[in-house]
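Residues 1 to 104, numbered by the numbering used here, are exactly what the sequence shown covers, in order.
Just to be clear, a hint being listed does not mean it is correct.
[What the hints assert, rightly or not] Just the calculated beta-carbon pair ranges, DEER-fashion:
hint	residue 1	residue 2	range
1	T27	P2	32 to 42 Å
2	L102	R51	13 to 23 Å
3	A37	T83	15 to 25 Å
4	C89	K21	36 to 46 Å
5	C89	L20	38 to 48 Å
6	G24	P54	31 to 41 Å
7	G96	V73	11 to 21 Å
8	S52	L11	36 to 46 Å
9	T27	A91	33 to 43 Å
10	T27	G56	12 to 22 Å
11	P29	G56	31 to 41 Å
Simulated from the structure, these hints should not be mistaken for lab results.
We treat Cβ as the ideally placed atom computed from N, Cα and C, and that holds for glycine.
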Amino acid sequence: MPWVILVVAGLLEVGWAIGLKLSGGLTRPWPSAATIAAMVLSMWLLAVAVRSLPIGTAYAVWTGIGTVGTALVGIAILGEPVTLVRLACIALIIAGIAGLKLVG
């Protein structure tokens with residue numbers, strides 16, 4: 001169960017990262033409120049997950065999910081550029097997350 005909680009926390013990190021963009025840097029009230037709520041919930045779920053997971057592994061997985069997810073949402077929805085190097089870097093992050101999961 002801690003891994004499921006950690007994945008949800010990572011997905012919420014994607015939500016708040018994209019929320020920062022959509023809220024205009026926390027200048028629009030409703031998107032800002034949703035962004036802050038996602039931040040708080042994401043951090044709380046991370047705290048719950050690290051009760052039984054190694055902090056180094058959990059934090060790396062959490063930030064990795066956030067990084068990869070945000071990059072993919074940026075490409076798919078926000079029209080950010082797709083390059084071979086960018087996709088290769090995303091793949092390296094995924095490989096690192098998988099490696100940490102296997103040894104942690």
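(message) For a quick check of understanding: which of the numbered hints are violated here, in increasing order?
(response) Violated: hints 3, 4, 5, 8, 10.
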